[in-house]
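Here is how the chains run, residue by residue.
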Amino acid sequence: MSAFWCLVRRDLRLAYRRGGDSVNVVIFFLLTVTLFPFGVGPETAILMRIAPGVIWVVALLAAMLSLDRLFRGDFDDGSLDLMILGPLPLEMTVLAKCLAHWLTTGLPLVIASPLLAVLLAMDGEGFTTLIGTMLLGTPVLSLIGAIGAALTVSLRSGGVLISLLVLPLYIPVLIFGVGAVDAAVYGLAARPHILVLGAMLIVALPLCPWASAAALRLSVE
Amino acid sequence: MHRFASPTFFMRYSAAILPWAVRLTAALIAIGLYLALFVAPPDYQQGESVRIMFVHVPSAWMALFVYTGMAVASAMALIWKHPLSDIAARASAPIGACFTFMALVTGSLWGKPMWGTWWVWDARLTSMLVLLFLYLGYMALADAFDDPARGAKAAAILALVGFVNVPIIKFSVDWWNTLHQPASVVKLGGPAIHLSMLAPLLIMVAGFTSFYVAVLIMRMRTEIVVAKLRSLQMARVERRS
Amino acid sequence: MTEFFNMGGYAAFVWPALGLTALVMATLYIQSYTSLRARQAELDTLQSKKNNEAET
Chain Y
1 MSAFWCLVRR
11 DLRLAYRRGG
21 DSVNVVIFFL
31 LTVTLFPFGV
41 GPETAILMRI
51 APGVIWVVAL
61 LAAMLSLDRL
71 FRGDFDDGSL
81 DLMILGPLPL
91 EMTVLAKCLA
101 HWLTTGLPLV
111 IASPLLAVLL
121 AMDGEGFTTL
131 IGTMLLGTPV
141 LSLIGAIGAA
151 LTVSLRSGGV
161 LISLLVLPLY
171 IPVLIFGVGA
181 VDAAVYGLAA
191 RPHILVLGAM
201 LIVALPLCPW
211 ASAAALRLSV
221 E
Chain V
222 MHRFASPTFF
232 MRYSAAILPW
242 AVRLTAALIA
252 IGLYLALFVA
262 PPDYQQGESV
272 RIMFVHVPSA
282 WMALFVYTGM
292 AVASAMALIW
302 KHPLSDIAAR
312 ASAPIGACFT
322 FMALVTGSLW
332 GKPMWGTWWV
342 WDARLTSMLV
352 LLFLYLGYMA
362 LADAFDDPAR
372 GAKAAAILAL
382 VGFVNVPIIK
392 FSVDWWNTLH
402 QPASVVKLGG
412 PAIHLSMLAP
422 LLIMVAGFTS
432 FYVAVLIMRM
442 RTEIVVAKLR
452 SLQMARVERR
462 S
Chain P
463 MTEFFNMGGY
473 AAFVWPALGL
483 TALVMATLYI
493 QSYTSLRARQ
503 AELDTLQSKK
513 NNEAET
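Residue numbers (the working numbering), protein chains in the order written: chain Y, 1 to 221; chain V, 222 to 462; chain P, 463 to 518.
This is chain Y alone, in the form it adopts within the complex (with noise of 0.2 angstroms):
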């Protein structure tokens, strides 16, 4: 269990130092999402309909962006294949990356998710459902996304092959993550809602990891 948390804090120690990451993601997901009121106009009513599904499109896009950086640097230095020969079995491996992807890439964009909030006019009732939607479905995206990014990691020009692998596969997690807050918004019943992304994590924790390790040793092969 040891080796995991070193994993994950190796890869925090990294994203620290190179320094921009977290901080792009966000700025990213505020500009992003502030384009919209200059692409609709800004009256309330308007804003209002439309901003929980576009504070979680563009918090998908946001984290889709990220995701080539997750296996990229290892593969390129080596340090993927000490990976796959060393004592972590390789899922866990790929679950403590995606764990330190998503407490820099996913956990940032939930906290920034209130602000978003605010500035998109959302009423008071979807913010905790917001954050807590965001809170399950963030950690499924970073999961999914493992896969894509595992698949594409041989590849020069992956990133942008990435998206089209990993869009579809992400839409059912936006239609619930958005149906909550919706739900939520209109007075409506978000369980249903959460308990369907909460079901989508449970499943993808360990089946994502398992996929993403087998395209992992296909493209190291």
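You may find that some hints are simply not true.
Some chain P residues near chain V, calculated using beta-carbon distances under 8 angstroms [said to hold, decoys possible]:
no.: 1; residue: 464
no.: 2; residue: 479
no.: 3; residue: 492
no.: 4; residue: 495
no.: 5; residue: 498
no.: 6; residue: 501
no.: 7; residue: 512
Calculated from the structure, these hints are not laboratory results. Ideal placement from N, C-alpha and C gives every residue a C-beta, glycine not left out.
Model the placement of chains V and P on the given structure of chain Y, informed by the hints.
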């Protein structure tokens, strides 16, 4: 099983099957079209536009059937390392993508007179759209690798991940759709289907399946020939150097 | 006859739908066929070259 696994054996028996598959396709589609256009009655609600159903529904079924076939072939390639499997999966993808595209466009053309707009975010059409992206992603991934064998294996993993997700996506899109469009549920094809419509529909489905088999065989043969070409060319380069 | 082509007023939808289906399927078939023939021809030329070189 192993005898059927060798590409050489495949090349021989597929050469025999191919002309029959082509003839069967032509016959089935000709009969199906005749029945669909001249024998089947116009629909009570939708009039003559229901004729589109005879190409839309088979396309949609084939889109899903081919993806299932790709997933099965991918599983066989990854688990049993069957040599023909990843060739079959890669060859199937463009065919499935075409069927999906056809399903979307014919669905749109069928929907316009029924719903008044060219596109409606109806659960089934939306799921078809996502399926198209799954196909395109698969094709992009398989082509992105210099080594086609590696590309096929990576794409195989993607196909299985996508296949597991197809019911999840379908369920989510259904949910999303009922949330946003509670009232107007239009059932494409009407309530129950009469034999005079069912027969041409099933014949068209059979014809499309036979078409898939024929085109699949051609594309698999092409892949095997290309593999031979590549190894011959590499051998020549090695000998020269 | 014209009634058939008119498709009860839905002609603008039915015929393009059928036409597009035919077009896509025909294109797919023709592309697969020509590609197979081209690659097979390449292979034959390359193999006959190899045989000639082996003989010399």
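Now for the hints, and whether the structure bears them out:
1. Restraint check, residue 464 (chain P) versus chain V: the minimum CB separation of about 13 angstroms is more than 8 angstroms; hint violated.
2. Against a cut-off of 8 angstroms between C-beta atoms, the interface hint on residue 479 (chain P) holds, since the closest Cβ of chain V lies about 4 angstroms away.
3. Residue-level restraint check for residue 492 (chain P) is violated (minimum Cβ-Cβ distance to chain V is 10 angstroms; threshold 8 angstroms).
4. Using the Cβ-Cβ criterion of 8 angstroms, the hint placing residue 495 (chain P) at the interface with chain V is satisfied: the shortest such distance is roughly 6 angstroms.
5. A distance limit of 8 angstroms between C-beta atoms decides the matter here; for residue 498 (chain P) the minimum to chain V is near 5 angstroms, and the interface restraint holds.
6. The criterion of a C-beta within 8 angstroms of any C-beta in chain V is met by residue 501 (chain P), whose closest approach is roughly 4 angstroms, and the hint holds.
7. Satisfaction of the interface hint for residue 512 (chain P) is found here, the shortest Cβ-Cβ separation to chain V being roughly 7 angstroms, below the 8 angstroms cut-off.
Against the hints set out earlier in the document, violations occur for numbers 1 and 3.
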